[in-house]
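Novice: So the protein lines, in turn, are chains A and B. When we follow the working numbering, the leftmost residue of the first sequence carries the number 77, and every step to the right adds one. When we follow the working numbering, the leftmost residue of the second sequence carries the number 1250, and every step to the right adds one.
Please note that the accuracy of each hint is not assured.
To be verified - From chain B, some residues computed to sit far from chain A (all C-beta separations above 12 Å):
1. Gly1254
2. Glu1257
3. Gln1285
4. Leu1287
5. Gln1291
6. Pro1316
7. Glu1331
8. Leu1356
9. Gly1358
10. Ala1386
11. Arg1387
12. Thr1393
13. Arg1401
14. Met1406
15. Leu1437
16. Arg1449
As the list claims (entries may be wrong) - Facing chain A, according to a computed beta carbon distance under 7 Å, are these residues of chain B, among others:
17. Tyr1272
18. Leu1274
19. Trp1275
20. Ser1279
21. Thr1361
22. Thr1426
23. Ala1433
24. Asn1448
What the hints assert, rightly or not - Derived CB-CB ranges, DEER-like:
25. A/Gly95 / B/Leu1287: 33 to 41 Å
26. B/Gly1319 / A/Lys92: 21 to 29 Å
27. A/Val119 / B/Gln1402: 19 to 27 Å
28. B/Ala1433 / A/Leu94: 53 to 61 Å
29. A/Gly87 / B/Gly1254: 19 to 27 Å
30. B/Gly1319 / A/Leu94: 24 to 32 Å
31. B/Arg1412 / A/Gly127: 51 to 59 Å
32. B/Gly1319 / A/Gly87: 49 to 57 Å
33. A/Val106 / B/Leu1274: 37 to 45 Å
34. A/Leu115 / B/Glu1404: 28 to 36 Å
35. A/Leu99 / B/Lys1303: 35 to 43 Å
None of these hints come from the bench; they were simulated from the model. All C-beta atoms in this analysis are idealised placements derived from N, C-alpha and C, irrespective of residue type, glycine included.
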Amino acid sequence: MYAWIWRRLPGDTRMKVLGAAGLVIVAGAVLWFVVFPWLEPRVPLDRVTVGP
Amino acid sequence: MLLRGFGELSITVGLIMMLFCAYLLWGTGSYTMRQQRLLQVQLMEDRERGKIDKIALGRALALVRIPRLGRDYEYAIVEGVEFEHLKKGPGHYPGSALPGEVGNFVLSGHRTTYAAPFNRLDELEPGDEVVIEAREARYVYLVTGSKVVTPRQVEVMAPVPGRPGVRPSEALITLLTCHPKFSARERLIVFGTLAGRENRRTT
């Protein structure tokens, strides 16, 4: 998977490294600001109330 | 080739899970700290209005300070204990007593996520102060004990804890959080009783 992405990145090695870093940042941001806030209420990790 | 793909996938999933843990511990906290500043502003605005009998869900109710947990330990209490309320800070059970009132003043707070206001509740010992800065007065509760219960033992929130239906004659406080840390299996409960009241100087 990663080898396939690496081959697809344009330019020389330096450009590829920059492109890869950009992809990592984009993926991290999507997870942090979109996926995790959606997922967090669905994980029963820190439930603090009592109820029937 | 297949094996390599599987390995890469496993590493990716592992990294995402680590990032999710970091989000739970620190990402959720930044939201809470922002909301806490808004709630503190609300408290300043409401200060002149004096004692209230009913407060809207999601609105700031009072400040809680616990000297044992540090000189800076201070959180704004929000009205309500739904998920959206507890994201903002410790929540007051609607319908339970208000600060200083006879009955049980019940608060819930997160233990590990959303700035974890009640993270160190297990360190409280009998005699420790829990100070509630309400609009009209400062109430000092003293811790009387703690215990671990199951999530269904709602009787800890009764006006007289453990004895539902009994008419209260004392002003009590009950703090709830999850137990053990990072788990939803049990609840840690800290009980306290009102020991003092200082009226706020009205100018």
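Novice: Give a verdict on every hint.
Specialist: Cross-check of the supplied hints:
Not every CB of chain A is more than 12 Å from the CB of B/Gly1254 (nearest about 6 Å), against its label as outside the interface. Interface exclusion of B/Glu1257 from chain A breaks down, the closest Cβ pair being 5 Å apart, not more than 12 Å. Distance check for B/Gln1285 against chain A: the nearest CB is about 17 Å away, which clears 12 Å, and the non-interface claim stands. The claim that B/Leu1287 lies off the interface holds: its Cβ sits roughly 18 Å from the closest Cβ of chain A, which is beyond the 12 Å cut-off.
The Cβ of B/Gln1291 sits about 22 Å from the closest Cβ of chain A, beyond the 12 Å cut-off, so the non-interface label holds. Non-interface call for B/Pro1316 relative to chain A: holds, since the shortest CB-CB distance, roughly 22 Å, exceeds 12 Å. The claim that B/Glu1331 is not at the interface with chain A is violated, since a C-beta of that chain comes within 12 Å of its own (minimum 9 Å). With a least beta-carbon separation of about 10 Å from chain A, B/Leu1356 fails to lie farther than 12 Å from that chain, contradicting its non-interface assignment.
Residue-level check failed: B/Gly1358 sits 6 Å from the nearest beta carbon of chain A, not beyond 12 Å. The claim that B/Ala1386 lies off the interface holds: its Cβ sits roughly 27 Å from the closest Cβ of chain A, which is beyond the 12 Å cut-off. Listed as outside the interface, B/Arg1387 is consistent with that label: its C-beta sits roughly 25 Å from the nearest C-beta of chain A, beyond the 12 Å cut-off. Distance check on B/Thr1393: its Cβ is at least 19 Å (rounded) from any Cβ of chain A, clearing the 12 Å threshold; non-interface status holds.
Separation of B/Arg1401 from chain A is inadequate, the least Cβ-Cβ distance of about 6 Å not exceeding the 12 Å criterion. The beta carbon of B/Met1406 is not kept farther than 12 Å from every beta carbon of chain A, the shortest such distance being approximately 6 Å. At roughly 9 Å from the closest C-beta of chain A, the C-beta of B/Leu1437 falls inside 12 Å, breaking its exclusion from the interface. A cut-off of 12 Å between C-beta atoms confirms that B/Arg1449 is not in contact with chain A; the least separation is 30 Å.
With 7 Å as the threshold, the beta carbon of B/Tyr1272 comes within range of chain A, its nearest partner Cβ sitting at about 4 Å, so the hint holds. Taken as an interface hint, B/Leu1274 does not check out: its beta carbon lies about 11 Å from the nearest beta carbon of chain A, beyond 7 Å. With a cut of 7 Å, the hint placing B/Trp1275 at the interface with chain A is violated, because the nearest CB-to-CB distance is about 10 Å. Here the hint on B/Ser1279 is broken, as its CB sits about 11 Å from the closest CB of chain A, past 7 Å.
Annotation: interface hint on B/Thr1361 holds; nearest CB of chain A at approximately 5 Å, less than 7 Å. Because the smallest distance between the Cβ of B/Thr1426 and any Cβ of chain A comes to about 5 Å, under 7 Å, the interface hint for this residue holds. With 7 Å as the threshold, the beta carbon of B/Ala1433 comes within range of chain A, its nearest partner Cβ sitting at about 4 Å, so the hint holds. Checking B/Asn1448 against chain A: minimum C-beta separation of about 32 Å lies over 7 Å; hint violated.
As the Cβ distance of A/Gly95 to B/Leu1287 is approximately 40 Å, the hint placing it in 33 to 41 Å holds. At about 49 Å, the beta-carbon gap between B/Gly1319 and A/Lys92 misses the expected band of 21 to 29 Å. Between A/Val119 and B/Gln1402 the Cβ separation comes to about 23 Å, which falls inside the hinted range of 19 to 27 Å. Take B/Ala1433 and A/Leu94: their Cβ atoms lie about 43 Å apart, and the range 53 to 61 Å is violated.
A hinted range of 19 to 27 Å for the beta carbons of A/Gly87 and B/Gly1254 is consistent with their spacing of about 26 Å. As the Cβ distance of B/Gly1319 to A/Leu94 is approximately 44 Å, the hint placing it in 24 to 32 Å is violated. Distance hint check: the CB atoms of B/Arg1412 and A/Gly127 are about 19 Å apart, inconsistent with the given range 51 to 59 Å. At about 52 Å, the beta-carbon gap between B/Gly1319 and A/Gly87 stays in the expected band of 49 to 57 Å.
Hint check: A/Val106 to B/Leu1274, Cβ distance near 20 Å, so the stated range 37 to 45 Å is violated. Distance hint check: the CB atoms of A/Leu115 and B/Glu1404 are about 33 Å apart, consistent with the given range 28 to 36 Å. At roughly 52 Å, the beta-carbon separation of A/Leu99 and B/Lys1303 lies outside the given 35 to 43 Å, and the hint is violated.
Checked against the numbered hints above, the structure breaks hints 1, 2, 7, 8, 9, 13, 14, 15, 18, 19, 20, 24, 26, 28, 30, 31, 33, 35 and satisfies the rest.
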